[in-house]
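Each chain is listed here by its residues.
2 protein chains.
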Amino acid sequence: MNSEAIFGQVLKNIRKEQKVSQEELAFRSNLDRTYISMLERGIHQPTLNSLLAIAAALDMKAAELVGLVEDEMESYQN
Amino acid sequence: MNSEAIFGQVLKNIRKEQKVSQEELAFRSNLDRTYISMLERGIHQPTLNSLLAIAAALDMKAAELVGLVEDEMESYQN
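One line per chain: the protein sequences are A and B, in this order. Residue 32 in full-length UniProt numbering sits at position 32 of the first sequence, with consecutive numbering throughout. Residue 77 in full-length UniProt numbering sits at position 77 of the second sequence, with consecutive numbering throughout.
The shape of chain A in the complex, shown without the other chains (with noise of 0.2 Å):
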């Protein structure tokens, strides 16, 4: 699994948790829903200023959103 997969279903559960959209999640990050989406499905990257705009919408610092990816990453490769 490749880290834009991850990375998607990371915000996904996130996202989920919180019982937060996709639209709502687009309106508060000012991103597109379409974004939201590809990111979720890791048609997408996010870039730098979409991890800090997601994760400012989901309450959370970049970094910690960063960690949790890099921890399911871990978790895949062993």
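Heads up, some of the hints might be wrong.
When chains are identical, the list treats them as one kind, so a pair holds in a single copy or across two.
Dumping the calculated BS3-like pairs for lysine-lysine here, alpha-carbon to alpha-carbon at most 30 Å [unchecked claim]:
hint: 1; residue 1: K61; residue 2: K16
hint: 2; residue 1: K19; residue 2: K61
hint: 3; residue 1: K61; residue 2: K12
These are calculated hints, taken from the structure and not from any lab test. In this text, all values refer to a predicted model and were calculated from it rather than measured experimentally.
Use these hints to put chain B onto chain A, whose structure you have.
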């Protein structure tokens, strides 16, 4: 100062602290030297994969690298 410029500054500082040249960082991260140079000058913003590759090449976590950028962004806002 935007996040690209701050990222560039943070990256350059860490690279210099570790006494790694742009060429060496490019080689280790499997990225183009020109791309590293553009990142450091804040002309480009990194993608998740570049963050992961650069952090690994500098023997740190991408979460740590992003955290340093966020700390620096906060200090500029205050």
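Here is how each hint holds up against the structure:
Taking the shortest alpha-carbon separations for K61 and K16, both the intra-copy value of 18 Å and the inter-copy value of 26 Å come in at or below 30 Å. When the C-alpha separation of K19 and K61 is checked against a cutoff of 30 Å, the pair qualifies both within a copy, at 18 Å, and between copies, at 29 Å. Taking identical chains as interchangeable, the C-alpha atoms of K61 and K12 lie at most 30 Å apart whether they share a chain (16 Å) or sit on different chains (22 Å).
Checked against the numbered hints given earlier, the structure satisfies every one of them.
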